[in-house]
Amino acid sequence: IQERGALGFERHYHVTDPFIRRLGLEAELQGHSGCVNCLEWNEKGDLLASGSDDQHTIVWDPLHHKKLLSMHTGHTANIFSVKFLPHSGDRILITGAADSKVHVHDLTVKETIHMFGDHTNRVKRIATAPMWPNTFWSAAEDGLIRQYDLRENSKRSEVLIDLTEYCGQLVEAKCLTVNPQDNNYLAVGASGPFVRLYDIRMIHNHRKTMKQSPSAGVHTFCDRQKPLPDGAAQYYVAGHLPVKLPDYNNRLRVLVATYVTFSPDGTELLVNMGGEQVYLFDLTYKQRPYTFLLPKKCHASGEVQNGKTSTNGVSNGIHLHSNGFRLPEGRAHVSPQVELPPYLERIKQQANEAFACQLWTQAIQLYSKAVQKAPNNAMLYGNRAAAYMKRKWDGDHYDALRDCLKAISLNPCHLKAHFRLARCLFELKYVAEALECLDDFKGKFPEQAHSSACDALDRDINAALFSKSDNAEDKKGGGPIRLRATGRKDSISEDEMVLRERSYDYKFRYCGHCNTTTDIKEANFFGSNAQYIVSGSDDGSFFIWEKETTNLVRVLQGDESIVNCLQPHPSYCFLATSGIDPVVRLWNPRPESETLNGRVVVDMEGASQANQRRMNADPLEVMLLNMGYRITGLTSGGAGGSDDEDSSEGQVQCRPS
Numbered sequence: 001i002q003e004r005g006a007l008g009f010e011r012h013y014h015v016t017d018p019f020i021r022r023l024g025l026e027a028e029l030q031g032h033s034g035c036v037n038c039l040e041w042n043e044k045g046d047l048l049a050s051g052s053d054d055q056h057t058i059v060w061d062p063l064h065h066k067k068l069l070s071m072h073t074g075h076t077a078n079i080f081s082v083k084f085l086p087h088s089g090d091r092i093l094i095t096g097a098a099d100s101k102v103h104v105h106d107l108t109v110k111e112t113i114h115m116f117g118d119h120t121n122r123v124k125r126i127a128t129a130p131m132w133p134n135t136f137w138s139a140a141e142d143g144l145i146r147q148y149d150l151r152e153n154s155k156r157s158e159v160l161i162d163l164t165e166y167c168g169q170l171v172e173a174k175c176l177t178v179n180p181q182d183n184n185y186l187a188v189g190a191s192g193p194f195v196r197l198y199d200i201r202m203i204h205n206h207r208k209t210m211k212q213s214p215s216a217g218v219h220t221f222c223d224r225q226k227p228l229p230d231g232a233a234q235y236y237v238a239g240h241l242p243v244k245l246p247d248y249n250n251r252l253r254v255l256v257a258t259y260v261t262f263s264p265d266g267t268e269l270l271v272n273m274g275g276e277q278v279y280l281f282d283l284t285y286k287q288r289p290y291t292f293l294l295p296k297k298c299h300a301s302g303e304v305q306n307g308k309t310s311t312n313g314v315s316n317g318i319h320l321h322s323n324g325f326r327l328p329e330g331r332a333h334v335s336p337q338v339e340l341p342p343y344l345e346r347i348k349q350q351a352n353e354a355f356a357c358q359l360w361t362q363a364i365q366l367y368s369k370a371v372q373k374a375p376n377n378a379m380l381y382g383n384r385a386a387a388y389m390k391r392k393w394d395g396d397h398y399d400a401l402r403d404c405l406k407a408i409s410l411n412p413c414h415l416k417a418h419f420r421l422a423r424c425l426f427e428l429k430y431v432a433e434a435l436e437c438l439d440d441f442k443g444k445f446p447e448q449a450h451s452s453a454c455d456a457l458d459r460d461i462n463a464a465l466f467s468k469s470d471n472a473e474d475k476k477g478g479g480p481i482r483l484r485a486t487g488r489k490d491s492i493s494e495d496e497m498v499l500r501e502r503s504y505d506y507k508f509r510y511c512g513h514c515n516t517t518t519d520i521k522e523a524n525f526f527g528s529n530a531q532y533i534v535s536g537s538d539d540g541s542f543f544i545w546e547k548e549t550t551n552l553v554r555v556l557q558g559d560e561s562i563v564n565c566l567q568p569h570p571s572y573c574f575l576a577t578s579g580i581d582p583v584v585r586l587w588n589p590r591p592e593s594e595t596l597n598g599r600v601v602v603d604m605e606g607a608s609q610a611n612q613r614r615m616n617a618d619p620l621e622v623m624l625l626n627m628g629y630r631i632t633g634l635t636s637g638g639a640g641g642s643d644d645e646d647s648s649e650g651q652v653q654c655r656p657s
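Numbering of the sequence shown is given in full-length UniProt numbering, commencing with residue 1 and proceeding in unit increments.
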């Protein structure tokens, strides 16, 4: 009807919970003869492009399930990325491939009009931006981000960012994306847990200034020219991952960002972290990691004295560079707990019952549902922390740590949150900090000082400290564990160390999928308001979570082997997926009359647990499993996760309130 508010209304309501729960397979588009590694909608949403191992790209009419065009791209290896060039009338298509080449195609004449061969390793992603109509970028495994301008006649590209100057020769760039609301910002994912956000305009202005400077060509030994200006890069990382990295490396578990994307409004960054989970970072309300990597002695003078604090509300010796708060001292400033409304009290009771039945994930989801409605209730955070600590999936102890700190900030007298915090610190290998926290707990709650749970944790901490004493000298002067390099080729520069130490933590974490087998696995926002998160998985399924609660709401079987690509339609509740199968699958809400949906994974909890085991399995076991061999440790038993088991449990720690 062309009403002014029609498009906004349509986009606001095009993805709703009833539609998600009715999502099913509409069609399979057949035409490729190899794995389909990339999908891309045009701006209008009436065309879908796909790229494959067969080195062909196909342009589809997805609404009528028709193949409009198929052409060989000229690549000699697998295609990993395909993009429509903005403002080209959907005429120009760009592809990047494993032959290290980037090709530009004119679809109207089915010809390749530009071929760029500047990269020296596989090209994994192409990015475009509406504000830069003749410009695009590529990320490749040579560690370079290149920028291309099709107005130039040289048919060459320039290096925008060289990650090898920061991380050594072994670093590989895997993915990149441009902020849809401010095209000056470029996000890059690479090997390792850190995701980088760059200001393109600042980088260009810096280089112009360098060229115009009369002393640009004269450098002394001390006058080192920085490749990027200060303030042009900002790093993001899940706070627990840098510390876990050595353990993951020892188990041949690779951490690599396989996909990055911005929310439609440009305020959030979503990352599919290979070898781990999916993370969402808030770019507006940033928060520092809740980590303990600074030396304990580096507090401001007067704050810490003899292991105790002065009366300014600073906790003894525990330095959280989180959002600026520390454990409060004493019982002052207690915020009264507001009673939950009846419907939330019922949800909390249901969560407590699930906890009592050892249904940890169900309890977490119910607590999360209540937390969304009552974000200032300390008890809900404390209870959810207990459930995380019991489940022990990757990252659960860190989420529990965050919940404990939140509970304590809301209610400084939250006894269980104080104790759970000490246990979390211990499980996260911050042993000295755990001891200080436990001592702090005993001082605040002397009636609990000799409880069985306290005594057990005390024994665990002292045993860990004793075992660490032998190699204590090795750690002196070694710097924080997150900064250590293992050799000359992957040496970390001083600039990189500073950027990593200034990194920001995640806002939400999404669990259940598995991302260890391929390095092109995507995760995307679903809905113009980014109401849902979708991700592929190594088990052939794709997972859908509510963004705000992080609760898993739907799992669908999208491939016989692995789902890699998920691209939501720009304005409809319509999803295109692909993976190892040589087809593109289209998903939309099915009619209510359709009662049978054979692709629904009913046991979402079981699928999630199996994926946790898969992520923590020996890589050889995973390979054998893919070949059809049954490995007992993989296919049976509980979801172990990589976090260590609690050596003992006490009433103060375990039971929800």
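Among these hints, one or two may not hold up.
Unchecked claim - Cβ pair distances, simulated, as ranges:
#1 113 - 254: 34 to 40 Å
#2 18 - 356: 40 to 46 Å
#3 208 - 117: 25 to 31 Å
#4 113 - 9: 51 to 57 Å
#5 286 - 493: 22 to 28 Å
#6 117 - 594: 45 to 51 Å
I should point out that these hints are in silico values taken from the structure, not numbers from a laboratory.
Given the structure is predicted, the values throughout are model-derived calculations rather than measurements.
Idealized CB from N, CA, C, for every residue including glycine.
Task: Cβ separation of residue 117 and residue 594, checked against the hinted range 45 to 51 Å - done: For residue 594 against residue 117, whose Cβ atoms are near 49 Å apart, the range 45 to 51 Å holds.
- [ ] Could you check the hint for me, namely that residue 286 and residue 493 are 22 to 28 Å apart, CB to CB?
- [x] This hint holds: roughly 23 Å between Cβ atoms.
Task: Assessment of proposed distance window 51 to 57 Å (beta carbons of residue 113, residue 9) - done: At 40 Å between Cβs, range violated.
- [ ] Mind checking the hinted window 34 to 40 Å against the Cβ distance between residue 113 and residue 254?
- [x] The hint (34 to 40 Å, Cβ to Cβ) holds, given that residue 113 and residue 254 are roughly 37 Å apart.
Open item on the list: Tell me if the beta carbons of residue 208 and residue 117 are separated by a distance inside 25 to 31 Å.
Closed with: holds (27 Å)
- [ ] Mind checking the hinted window 40 to 46 Å against the Cβ distance between residue 18 and residue 356?
- [x] The hint (40 to 46 Å, Cβ to Cβ) is violated, given that residue 18 and residue 356 are roughly 32 Å apart.
In summary, the numbered hints that this structure violates are 2, 4.
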